[in-house]
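The task is simple: from the sequences and hints, build the whole structure.
Heads up: the protein sequence lines correspond to chains A and B, in order. Residue numbers for the first sequence follow numbering that gives the first Met the number 0, beginning at 0 and rising by one. Residue numbers for the second sequence follow numbering that gives the first Met the number 0, beginning at 0 and rising by one.
Hint data in this document are derived by calculation from the structure and do not stem from the laboratory. You may find that some hints are simply not true.
One copy or two, it doesn't matter: identical chains are merged, so the pair holds either way.
What the hints assert, rightly or not - In silico DSS-like pairs for lysine-lysine, Cα to Cα no more than 30 Å straight-line:
1. K372 <-> K243
2. K292 <-> K372
3. K123 <-> K148
4. K181 <-> K44
5. K64 <-> K16
6. K292 <-> K123
7. K148 <-> K181
8. K148 <-> K64
9. K148 <-> K182
10. K243 <-> K298
11. K182 <-> K64
12. K292 <-> K120
13. K120 <-> K16
14. K16 <-> K123
15. K292 <-> K243
16. K372 <-> K44
17. K16 <-> K148
Number of protein chains: 2
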Amino acid sequence: MSNMVTHSATLQPVLDKIDATLDDSIARLQTLLNIPSISTNPDYKDDVRRCAEHVTADLLSIGLKASTHDTIGHPMVVATDDSAGPDAPRVLYYGHYDVQPVEPLDEWNTPPFDATIVEGKNGKRIVARGAADDKGQLMTFIEAIRAWKQVHGSLPVRVVILLEGEEESGSESLVPFLTEHKKDLIADTCIVCDTGMWDESTPAITSRLRGLVYIEATLHGPSHDLHSGGYGGAVVNPANALTKILAQLHDEDGRVQIDGFYDDVVEVSAEQVAQWNSLGDADALTLESSGAKATFGEKGYSTLERLWSRPTCDINGLRAGYIGQGAKTVIGATATSKISCRLVANQQPEQIKNALFAFLEERTPNGCHWDLKNFGVAPAIAVPTESPWLSAASDALTNIFPNPAVLIGTGGSIPVVGEFQEILGVDTVMVGFSLDDDLIHAPNEKFELSCFHRGILSHAAILEAYASIHV
Amino acid sequence: MSNMVTHSATLQPVLDKIDATLDDSIARLQTLLNIPSISTNPDYKDDVRRCAEHVTADLLSIGLKASTHDTIGHPMVVATDDSAGPDAPRVLYYGHYDVQPVEPLDEWNTPPFDATIVEGKNGKRIVARGAADDKGQLMTFIEAIRAWKQVHGSLPVRVVILLEGEEESGSESLVPFLTEHKKDLIADTCIVCDTGMWDESTPAITSRLRGLVYIEATLHGPSHDLHSGGYGGAVVNPANALTKILAQLHDEDGRVQIDGFYDDVVEVSAEQVAQWNSLGDADALTLESSGAKATFGEKGYSTLERLWSRPTCDINGLRAGYIGQGAKTVIGATATSKISCRLVANQQPEQIKNALFAFLEERTPNGCHWDLKNFGVAPAIAVPTESPWLSAASDALTNIFPNPAVLIGTGGSIPVVGEFQEILGVDTVMVGFSLDDDLIHAPNEKFELSCFHRGILSHAAILEAYASIHV
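In structure tokens, the structure reads:
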């Protein structure tokens, strides 16, 4: 499947091995996907641990040193390989083996934890929760390392793999773990695989990530649910009040009304905007992959600018009153919203979180009170785009895919990139193979087998390219 | 327990029988309450039928002719007794044996379908879903009829009992059933038991009911749930949009902004308002029974005026995005609200429902669409207050309770009262024994045993009082 470029005598047999054993790689991915490692729901705690232990066993079977580490939350998996010798560059690979919840379950065409191969417009794809986010992605570098070890016995670079089990649930153990294990994790460069391509033929390196504030806000009114006939019009209905408050989060131009929200936002350069807008028809891609009928957002910015360089505020969950089938004439005692802000470079997450809390508190209806929970904050990231690692990775990708690699941003957040920079002092190259229509966080999440395959080939090419960088 | 009034030689032994067999009456109520007859949820269809058959068997055991009638929805129970002879007045009793859903289940102190006697501030109470709404209430007249039959062999009036199983789910079978069985149901007067007292010592007859419009509105945006990082700021978030739309339902003075909403509302007379406001401290009662810290509602009206004579609009349910534990960075494909309006005399329910639909449609965000469902409408009711039936019932209540009966309104809706007037041509006297703090439609619904007991005594007294009315 690798393209017409001539590869080195070292790399070519690894690529051939990957091509020849692709079915085995897919089978291993299926086994991994079938473990329901939902980290945000305590009911799945044992499954998350089982998943960590499964991956650890797999890494041991490749010939890496690997172990499952207990944390205050879900376990960390760490694996190392020093077969390249002490002078070789050391590369830290990061992925996460935990997954998002699967609700609404009835919208899945196949069970979320029974990974299924189906035909799609780009050939075969694998459908399961975690297919693209992030089990399918982390398996691209694990399978590349496996193939390289099988062909050559040793790796061309020193490797340390860190796999987290709390990426989807706030990563509470990450900073303590990085701090405690700094000596073992330190590396010359880092690869984070939790990102996407521009399209199925065009690989990408991601240089901008948005940050995140995520809170839950419950408005409490009466002490218990009330009959809407007996009390409607007499006391506050928290559901009515909540909608009135949340409606004020944006003005008519889609600008967020939280106090000081835009104070630290840096406008990106016209050149940067022009480069992004030259990538292709982002509106068409967005509409196609989202199934939305129209784009929407802050006035005065293109879709890629809004996604990659503008902060947002979104309601991620609403719950109040009766939500079952049919009618119930109830005034719910409480109304709950989950709210997140995506942040851009320079915004201070703690400050935005506090301003959001204040926005809600200032609007508390008479006689009501809030229960406000913080589910975690992360700053936005911009990584250096002029590094030998990024150039080498970009060349490696270009040698595997039909189109050359491009530099993009992403609207999502990968807090670990900031933690690596801060705690380990290492810059990250973000290389991933998911597509916009992979339905991550949604029912019927999938990963294209062509992306999986080329992702493995790419990581083999990156291993070779990194080996020649002098550190 | 009956008070110091001297009762007739006909009534007194019935009252004595009721006092002596109260424990049996309570046991029968418990058996009835333990059947989970939730009509709005199709999962309980068989339980609803089982409940109908249980009540039918009980009515047969008293010596009434009784049967369970199939409908397009849940069954109707009809029972008759003609032992009073052809010249006696015929009284139609209405109640409903179905109950509200029980969510949130974890807020119940005892299982909702394991009726439990506990101590409360007014003595013993029975806690279960349906305790006050409406199983405990319909058992007041059934137990009175049982005692009368046991003591005297025959009843002093002709009786027809109609028990519905769809009151909490839109009553779709009611009108067809009344129309088809008009001949069998026709009566000189009707008693509906689904109402309350002013307080635990003061019985009440309800003369004003609010009407109801209940809809479900789901706003559809993207075709599937989206990652809030990958799409936040690029396409419409239906949860954001829904709150922005619902926030416009009321202005800053609490007035409903649906087009033409107040056009047909008739202001009540100053005398009427004065009578209501003389009943007692409604604000204190409302705050105590709701557990709210402040009253709230349309500016310029007292709490009783707002409840009994002003229309409202309330959000009864909100659901969007992720509502489980923890965080999920999702933009939900849809956002759903259940919305009801309480109507007052003269408002046209169909017109209000259409205006509410139009209110939503006019605000549809670009690229989105609504799924709008109508869960049923009912007009407000004002019954004649100058009738011999109402006077006789009022006197009977006054002879049983410590305080005289008062005339009140209610914020709730009892559509059947309108149907009886329209289809059977019969006016209703609304006599019920629930209290504001009975937590109907909420967790830990209860019925005071003193209310249950005096309710049974009252219905015996009403049977005698009605027997002397010339028809």
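Of the numbered hints stated earlier in the document, which are not met by this structure?
Of the numbered hints, all hold.
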